[in-house]
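Residues per chain, in single letters:
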Amino acid sequence: MLSTFLSQVVNGLILGSLIGLIALGYTMVYGIIQLINFAHGEIFMVGSYGGLAMFTYLLPTAIQNQWWFALPLLLIAGAAIAVVVAVLMERFAYRPLRNAPRLAPLITALGVSVALQEAVRVFYPNATAAVPFPKVFVEGTLAIPIGDGIVPIRYTGMLIIVVSLLLAFALNTFVNNSRMGRAMRATSQDRDVARLMGINPDRVIVLTFVLGAALAGVAGILYGADLGLININIGLQNGLFAFTAAVLGGIGNIKGAVAGGLVIGLVKTLGGQYLPGGTPYDYVWIFVVLIAVLVFRPQGFFGETERVRA
Amino acid sequence: MSRRRAVVTAAILAGALALSACGTNREEGGGAAAGACDTSKGTLVVGLVAPLSGNLSALGLGMQNSADLAIDQANQNCTVPGYALRLQAEDDQSLPPIAANAATRLASDANVVGVVGTLNSSTAQTVQPILQQRGIVQISPANTNPTLTQGEAYETAPERPFDNYFRVATTDAVQGPFGAQYLVNTAGKRAIAVIDDGKTYGAGLAAAFAAEAERLGATIVAREKVGENDTDFSGVVTNIRAVNPDAVYYGGEYPAAGPLSAQIAAGGLNIPVMGGDALINAEYVPLGGRPGDLGTSVGAPAEDLESAQQFISDYEAANYVEDYETYGALTYDATNIIINSLVTALNGGDWSEDTRAAVVEAVQATDYEGAAGPVTFDEFGDTTNKLLTVYTVEGDAFVPLETGTYEAG
Numbered sequence: 001m002l003s004t005f006l007s008q009v010v011n012g013l014i015l016g017s018l019i020g021l022i023a024l025g026y027t028m029v030y031g032i033i034q035l036i037n038f039a040h041g042e043i044f045m046v047g048s049y050g051g052l053a054m055f056t057y058l059l060p061t062a063i064q065n066q067w068w069f070a071l072p073l074l075l076i077a078g079a080a081i082a083v084v085v086a087v088l089m090e091r092f093a094y095r096p097l098r099n100a101p102r103l104a105p106l107i108t109a110l111g112v113s114v115a116l117q118e119a120v121r122v123f124y125p126n127a128t129a130a131v132p133f134p135k136v137f138v139e140g141t142l143a144i145p146i147g148d149g150i151v152p153i154r155y156t157g158m159l160i161i162v163v164s165l166l167l168a169f170a171l172n173t174f175v176n177n178s179r180m181g182r183a184m185r186a187t188s189q190d191r192d193v194a195r196l197m198g199i200n201p202d203r204v205i206v207l208t209f210v211l212g213a214a215l216a217g218v219a220g221i222l223y224g225a226d227l228g229l230i231n232i233n234i235g236l237q238n239g240l241f242a243f244t245a246a247v248l249g250g251i252g253n254i255k256g257a258v259a260g261g262l263v264i265g266l267v268k269t270l271g272g273q274y275l276p277g278g279t280p281y282d283y284v285w286i287f288v289v290l291i292a293v294l295v296f297r298p299q300g301f302f303g304e305t306e307r308v309r310a
Numbered sequence: 001m002s003r004r005r006a007v008v009t010a011a012i013l014a015g016a017l018a019l020s021a022c023g024t025n026r027e028e029g030g031g032a033a034a035g036a037c038d039t040s041k042g043t044l045v046v047g048l049v050a051p052l053s054g055n056l057s058a059l060g061l062g063m064q065n066s067a068d069l070a071i072d073q074a075n076q077n078c079t080v081p082g083y084a085l086r087l088q089a090e091d092d093q094s095l096p097p098i099a100a101n102a103a104t105r106l107a108s109d110a111n112v113v114g115v116v117g118t119l120n121s122s123t124a125q126t127v128q129p130i131l132q133q134r135g136i137v138q139i140s141p142a143n144t145n146p147t148l149t150q151g152e153a154y155e156t157a158p159e160r161p162f163d164n165y166f167r168v169a170t171t172d173a174v175q176g177p178f179g180a181q182y183l184v185n186t187a188g189k190r191a192i193a194v195i196d197d198g199k200t201y202g203a204g205l206a207a208a209f210a211a212e213a214e215r216l217g218a219t220i221v222a223r224e225k226v227g228e229n230d231t232d233f234s235g236v237v238t239n240i241r242a243v244n245p246d247a248v249y250y251g252g253e254y255p256a257a258g259p260l261s262a263q264i265a266a267g268g269l270n271i272p273v274m275g276g277d278a279l280i281n282a283e284y285v286p287l288g289g290r291p292g293d294l295g296t297s298v299g300a301p302a303e304d305l306e307s308a309q310q311f312i313s314d315y316e317a318a319n320y321v322e323d324y325e326t327y328g329a330l331t332y333d334a335t336n337i338i339i340n341s342l343v344t345a346l347n348g349g350d351w352s353e354d355t356r357a358a359v360v361e362a363v364q365a366t367d368y369e370g371a372a373g374p375v376t377f378d379e380f381g382d383t384t385n386k387l388l389t390v391y392t393v394e395g396d397a398f399v400p401l402e403t404g405t406y407e408a409g
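Going line by line, the protein sequences match chains L and W.
Counting from 1, one number per residue, gives the positions in the first sequence under UniProt numbering.
Counting from 1, one number per residue, gives the positions in the second sequence under UniProt numbering.
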């Protein structure tokens, strides 16, 4: 049925653009310091909880119901908290290991991931169970009649697609056209030569973490607002998808992260609908696609073959 | 991980100490020496294994408090001559491996007389064999999967796998069909989508429901599975929307069921979600459950039971932070059955690990008027009380619709 197919495409695009938004953080950090920052999924989770805390404990009740006011505040709060955590993480967990063998920061990233998840579990009130997230956008669905059925699109889902694509576009423009973006690209190509050109690599690296975390924080808020609840496992789950998306698109590449996210979203929903096994097997198809892509195009959709450095 | 467990254990121990200190204070506050019991023979331990943290902690903490209440009362009333009792609550986080660790810890203590729990059927599966090795009696107030008492072939050749395991909750082999009878016969639903979370409890319940619903003439139009930690169900919702169901039955627990219900509505399907006892929780509606959703639960609602009024007022008097939740009265009964059986088994004598066999025997022979109703156990260790209740969401909470006894039709 056409309406079913289109509904699943819509579901896939919503999930995919959210995953793409998170994947940008993975891909940028990898691009610049070749670190797979496994804690990035938890930054997404922390941003979500941070925004929720701001909403619950700081926002006056009168404003809570005004979504056009509460939503921007929430997005800023979520991004800000994610950024603070990411900067601390970079300063204390990764910078001391900047020149260590690559495996050391990778293991550290896993440790930071567990630490963040546990910190939220222990210190956030009632975080041991799923907590309801405020509906800070227009509730309900737009039902588009198509053929023999309807295609329902959640307003929050539209918000996710629009915001994600806008942010990805803005990031791409920033990296390609701004002075700081040029410094980022230079640092990713060769940190030492960039330093000789008067670029401070530490500042550039921090900025990379800041940008990635801000996007993840925004994604955390959008995710909560869309589904109406969050739990401490969302970082692990969506972080894994986002990491896969970054690899699929070619890690280090901004367009690739978004494309990878959309592919994963569509594979998950369409695979769950049409492939044998149904929804219980949708995760399987994601990783089947990942393996297939890695076999035939190891650098991902948009990736370049890795440069070997002297 | 082990550090966290240490912290949690320390916190629980501190809590237990604080509670027992309160108990002592109360006795001394009473002033009269006549109130003090003879505890010259030492302290015996009743174990509890339940999720005290994690998604299902609301239910688990209600169980912990209810067991604590029963033990407090036994200590005050000098129920066990010569001994004081202590509750040792272990957190299983709803995870079978953690539950196994908890059971091992309890089994290694020679003073453990019996264990109350678990909440989840999946955790019971790992706890059962560990306690059996030491012959420790286990009574669950909440496990509903039929295989726990009647073996894998419970439908054709039931065989009891563990003679030390009992439960005061009735099984999904009863609960699922009971729900089906309501949804098909009373609510008149004919095209039902069945979804489960693939866990021991959820899958078993959904299968039992589906079989009875089909027998009653309904069509199972879709059969789907979701992950218990999933939060985005839009794929599943689109799948079932394509087949136009007039109701959804969900075999699983409220942390997934709430958002599933909300997303079914968001997907343009205005149909009720029905589930089992694991849906009946105060958090179900805040997480997305809608008015009109349905759930069955074992026993009758404690508030409506004449026999449970004493339990409720005692629970409130004890000022626990958390509500007693769905399994409070049943946990209270399970704990009291262990205590009473201990008294019978001791028969005035001294405790040794050999007494455990006598405790199991005494539990098997139980004939007890509990807060949640009369309890006797059949040859499998299942309660003979097959009372169930259908609840529905009104406003932001479940309210009982009708209570009945399941009869295979």
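Hints were generated in silico from the structure; no laboratory data involved.
Any given hint could be a false lead.
Quick partial rundown of chain L residues pointing at chain W, CB under 7 angstroms, derived from the structure [unchecked claim]: (1) Met1; (2) Gln64; (3) Asn65; (4) Gln66; (5) Ala129; (6) Thr141; (7) Ala143; (8) Ile150; (9) Thr269; (10) Gln273; (11) Thr279.
Reference listing, derived: stretches of chain L covered by chain W, where coverage requires no fewer than 3 residues with Cβ under 8 angstroms from a Cβ of chain W [as the list claims (entries may be wrong)]: (12) 85-95; (13) 227-235.
Computed from a predicted model, the values in this text were never measured in an experiment.
Glycine included, every Cβ here is placed at the ideal spot set by N, Cα and C.
> Can you give the numbers of the hints that this structure goes against, from lowest to highest?
Replying inline: Hints 2, 3, 4, 12 are the ones this structure does not satisfy, whereas the remaining hints hold.
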